[in-house]
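There are 2 protein chains.
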Amino acid sequence: MRIALLGYGNVGRAVARLLESRRNHLEGIGLYPKLVAVADSRGVAINPGGLDYSKLEEAKRSRGSVGFYPDYGRIGVKAVEIISDRLVDVDVVIEVTPTNIVDGEPGLTHIREALKSGLHVVTANKGPLALAMPSLLELAHHTGRGLMFSGTVGGGTPFIRFAEKCLAGDRILGLEGILNGTCNYILSSMEDGLSFEQALREAQRLGYAEADPSMDVDGWDTACKIVILAVHIMGARITLKDVEVKGIRGMTKEYLTEACKRGSTVKLLGSVDAKRGRAWVAPVEIPRNSPLAVSGNLNALTFHVENLGSITMIGKGAGGIETAHNILKDLIELKMKLQYRSI
Amino acid sequence: MRIALLGYGNVGRAVARLLESRRNHLEGIGLYPKLVAVADSRGVAINPGGLDYSKLEEAKRSRGSVGFYPDYGRIGVKAVEIISDRLVDVDVVIEVTPTNIVDGEPGLTHIREALKSGLHVVTANKGPLALAMPSLLELAHHTGRGLMFSGTVGGGTPFIRFAEKCLAGDRILGLEGILNGTCNYILSSMEDGLSFEQALREAQRLGYAEADPSMDVDGWDTACKIVILAVHIMGARITLKDVEVKGIRGMTKEYLTEACKRGSTVKLLGSVDAKRGRAWVAPVEIPRNSPLAVSGNLNALTFHVENLGSITMIGKGAGGIETAHNILKDLIELKMKLQYRSI
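Taken in order, these protein sequences are the chains called A and B.
The opening residue of the first sequence carries number 118 in our numbering; numbering runs sequentially from there.
The opening residue of the second sequence carries number 118 in our numbering; numbering runs sequentially from there.
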């Protein structure tokens, strides 16, 4: 399996490391991954014979780009050229460039070009999916290639797999939950007495929140995940613009304290209601004994299922490592599907 | 698919009703279930051409046994004779006689005889599995027949399917949870101020608890489920005698109130710890913000997984309907496996 890894940030590096450290395990199940191309924003490294993880790390760490990979690095070459100019033969593209919810780029073009060129795609990039998931799925279907994205939602907790594998045959009427661990951490800390700014700084210090926290605290990260869940699990045909989004920036610790006194807690929830055809993200007051009333940086998602009632799943949100593990699982599943020709 | 339904209580009747009401749906996926034999404790009804649901109900309701089924009923014939004396050709045995944790009978003999006779078995009967699961699985493996039991644990919440389908490839280090909705209901009511006896009577009035509540409140139902989870999900080779069991009969509302003051709540937990090789059931004080601190008659189970950390699933426990739905799902899965010859 010849792989082009587009994006070499937190997630991309974790993927490269996992492919290296799990090599024996993967070969044991018949999966021989070979990293033939790696791209970051400044350049690419390409070797049909396979790239070496330690040399990628060395180039990235010491000189800031994989484009400085000895002999095989090229600064100034764009990731998309690997696909469109067929710089090397590839079977699977792993797309992990930064999420962009304005136009989805460069991920959106990477995914489209890869599928059009007959390549399978595994991605953890929420932007392209949130903006164009229905059409991307159609493209994948049309070209008969895999488009896998289990790392996009609940990296540490297999929400998507659960719905796919365990709820198949039941009708999912709706879902709602906490899909952003950073916001949950901030709200929990504010209930403990911190101001929004203090809690945000603490989350940044712990590495939960980015320097630009807007994706998290303004609700966009949750909204992207809601789109992916609605489209994939519930068959909705929506994109990000169909989600009403309100974040947690306006929250005060006084408001949270009042809610506490009423036996409630405030959580940033994302929700899809199939019946009313509505999708939204907003801070909501819920009873303290609700299964969704989990604190810290946990994620939690309740599925409302026709026959089974409500089922809630609670677990860790995603860091780079968890997301990389999901990408690896997608690769394994892709390999199985190819083996049995089920795609 | 010719089916013998052994047991015609709550669950058995719900299964017969579902097979009837879902006929079109099942035929749509290529599954043609034909109920050729039904047994209760007093007699059997056998017709190779198929039994009629309304006539089964009529015989049971008006005269107390399916043995009074017009023309095809026989009082005094035992369920096991359907299999051992080959009274009719059968493909699958659905075993739903009452749970017996002393010697597992009559279910244990039914399951053994069915597997030895080359029949597939779908069961919701916890007794035989709790007492002899490792040997029953070996027998099924040896005879190449299916032994399916997803209705035994978390009927309303697919704990077993989740572990099978979503955690495959991860190592489950341990699990712990609330597996008996009746005990959870009683403990929740006691926290609200009822005595144990009051709470138990209320649970019986609502139909959560049996007239003989011992299976529930003395922890045996939870212990059976712990054995099934440990053997099936974690590969342990244990039976009921390996589980240390303590129920909730000794609980007082004063003790629960004290726990409340300490920011805790008391839950009847079952647990398997792979590392220490220990399985137990006992009332345990846990923090109120633990994901397992769910109230009412909910079930909740936390899986401790090597790569993913802790994942908790919360949902309804089982009534007859939920269990019957699980049996139907097992039949569908069995059909798929037979089709692809994967068993």
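Careful, some of the hints might be misleading.
Same chains, same label: a pair holds when it works inside one copy or across any pair of copies.
[Claimed, not checked] When the alpha-carbon atoms are kept at most 25 angstroms apart in a straight line, the in silico BS3-like pairs for lysine-lysine are as follows: (1) K233 x K433; (2) K282 x K452; (3) K454 x K433; (4) K378 x K392; (5) K370 x K358; (6) K454 x K151; (7) K433 x K392; (8) K282 x K454; (9) K363 x K392; (10) K195 x K233; (11) K433 x K282.
It is worth saying that the hints were derived from the structure and are not from the lab.
Quick caveat, the model's predicted, so the values are computed rather than measured.
Do the hints match the structure? See the list:
no., hint, result
1, K233 x K433, "neither (35 angstroms within a copy, 45 angstroms between copies)"
2, K282 x K452, "both (18 angstroms within a copy, 17 angstroms between copies)"
3, K454 x K433, "neither (28 angstroms within a copy, 34 angstroms between copies)"
4, K378 x K392, "neither (33 angstroms within a copy, 42 angstroms between copies)"
5, K370 x K358, "neither (30 angstroms within a copy, 52 angstroms between copies)"
6, K454 x K151, "within (19 angstroms within a copy, 34 angstroms between copies)"
7, K433 x K392, "between (29 angstroms within a copy, 22 angstroms between copies)"
8, K282 x K454, "both (15 angstroms within a copy, 15 angstroms between copies)"
9, K363 x K392, "within (22 angstroms within a copy, 45 angstroms between copies)"
10, K195 x K233, "within (18 angstroms within a copy, 64 angstroms between copies)"
11, K433 x K282, "both (20 angstroms within a copy, 19 angstroms between copies)"
Of the hints listed earlier, those the structure fails to meet are numbers 1, 3, 4 and 5, in rising order.
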